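Protein sequence lines, in the order shown, are assigned to chains A and B. Counting from 1, position 86 in the first sequence corresponds to residue 86 in the working numbering; the numbering is continuous, with no gaps. Counting from 1, position 12 in the second sequence corresponds to residue 12 in the working numbering; the numbering is continuous, with no gaps.
Keep in mind that the hints were calculated from the coordinates and are not lab data. Check the hints yourself; a few may be wrong.
Under the rule of at most 30 Å between Cα atoms (straight-line distance), these lysine-lysine pairs were calculated in the BS3-like manner [claimed, not checked]: (1) B:LYS78 with A:LYS243; (2) B:LYS78 with A:LYS167; (3) A:LYS132 with B:LYS53; (4) A:LYS63 with B:LYS25; (5) B:LYS101 with A:LYS278; (6) A:LYS251 with B:LYS80; (7) A:LYS63 with B:LYS17; (8) B:LYS17 with A:LYS157; (9) A:LYS264 with B:LYS25; (10) B:LYS70 with A:LYS257; (11) A:LYS260 with B:LYS80; (12) B:LYS44 with A:LYS127; (13) B:LYS44 with A:LYS60; (14) A:LYS53 with B:LYS25; (15) A:LYS167 with B:LYS80; (16) A:LYS257 with A:LYS243; (17) A:LYS278 with B:LYS78; (18) A:LYS257 with A:LYS127; (19) B:LYS53 with A:LYS278; (20) A:LYS3 with B:LYS78; (21) B:LYS20 with A:LYS264; (22) A:LYS243 with B:LYS25; (23) A:LYS260 with B:LYS63; (24) B:LYS20 with A:LYS60; (25) A:LYS264 with B:LYS44; (26) A:LYS63 with B:LYS70; (27) B:LYS25 with A:LYS157; (28) B:LYS80 with A:LYS257; (29) A:LYS167 with B:LYS63; (30) A:LYS127 with B:LYS25.
Chain B side only, calculated, beta carbon under 10 Å to chain A, not exhaustive [claimed, not checked]: (31) PHE76; (32) VAL84; (33) ILE92.
Here the structure is a predicted model, which is why all the values come from computation and not from measurement. Cβ coordinates follow ideal geometry from the N, Cα and C atoms, glycine included.
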Amino acid sequence: MDKQDQGQKRQDIRHRLRYIKSLPTLPPIASMLNKMVEDEEMTASRLGSVIEKDQVLTSKLLKMVNSSFFGFPQRIGAVSNAIVLLGFNVIKTLIVTSSIFDVMQSSDVGLWEHSLGCATAAGIFAKRHGLKNPEEVSTAGLIHDLGKVVIRAEFTKEYEEIQNMVKERGISMREAELECLGVAHPEIGGWLIKQWNLPDRLILPVIYHHNPEDATDFRDIAAIVHFSDILIRAVGFGSGGDKWVPPLDHKAWERIKMGKGEMKEVLNELDEKIIELKDFTLRMQQTKGGAGE
Amino acid sequence: MQSIPISLAAPEMILAKAVKTEDGKILCGPGVELTAELISRLSKSGVHVVVVKGHPVQMPGEKSLAEMIKELEERFAKVKDDPVLRALMRLIAEHIIEEAKT
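Given the sequences, and given the hints that come with them, work out the whole structure.
If you want it as structure tokens, here you go:
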């Protein structure tokens with residue numbers, strides 16, 4: 001594909017994303033919540049009570065916030081508590097992405113596990129580096145590969161081609177995406193969550209999770225998501241579409257690097273959490289089958 | 001140490017790690033010997049996976065240590081010239097070997 005073709009294709013994709021059909025778009029409640037938070041007198045309990053009117057969403061939300069990657073020692077039983085503990089950005093992201101997670105759970109368990117694993121690792125690093133909102137960093141990890149879900153659901157023909165390229169030529173998914181679509185999953189995911197009005201501290205780490213130093217801001221979060229993606233692939237939990245550990249950005253590594261001893265501690269911590277995650281994904285899949293959602 | 005689905009747990013196996021509920025409450029500490037009654041209670045509480053000592057169950061598709069190391073090396077095939085990632089690979093290999101011993 002020459003440069004002009006590639007630019008054209010990129011434009012086409014961007015256009016198609018605006019009228020996306022096979023992926024659930026922003027639930028109406030999310031735009032309502034957006035307006036509500038602009039109100040300065042809004043409280044967590046009032047916001048919580050609006051969300052709690054939707055029972056299915058509430059139960060999904062509470063399952064997510066109580067899962068092991070956020071790692072709260074006590075059960076969070078009310079949405080308003082979740083808003084206070086996790087912050088509105090995280091809750092909003094979970095709301096707007098909950099339907100995408102449904103798609104992931106049923107169509108691509110490997111990618112779902114990879115995303116949960118990346119969120120878990122990102123949470124561990126964010127806490128160790130003393131970042132202010134570790135839950136938000138986990139959330140960035142959770143949605144970092146959203147673009148792959150979009151490609152799979154919306155560009156089925158191209159997705160098949162990409163998979164064949166990975167298999168036959170042994171190139172990474174990202175390389176195949178660039179060749180086939182002229183744009184890769186980080187950018188596609190970024191476009192989509194921009195449409196959802198999520199904050200830059202979530203958008204930038206998604207767009208730059210392969211090249212965190214190119215981000216105009218929030219490079220520390222981007223660096224953590226970048227290395228978490230590498231680590232979770234390195235230990236072989238879940239599947240990111242190809243089997244390879246992606247290249248490391250050394251400048252990003254300088255921001256978050258740790259010695260052998262600390263890294264060993266991280267591996268042990270991650271192991272424990274992966275056991276809980278396996279339990280979590282099994283439970284989620286069973287509830288899904290059981291309740292016929 | 002082996003992580004197994006609760007359906008394959010059997011009496012006399014010994015827990016290597018605490019069993020927790022969905023809310024993170026500890027149901028059973030490490031070192032406890034499983035009984036039929038305990039397994040049924042854990043299962044009713046919604047527990048899906050337990051971690052037991054030794055390696056009591058031969059799981060279908062289970063990998064040997066050599067296979068796990070080989071797969072680890074394959075995952076790192078494209079980045080093996082990176083010294084930081086090479087060190088990470090060695091560390092994970094050590095970790096896998098240590099875990100297999102316990």
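Original post:
Failing hints, ascending?
Top reply: 3, 8, 12, 22, 25, 26 and 27
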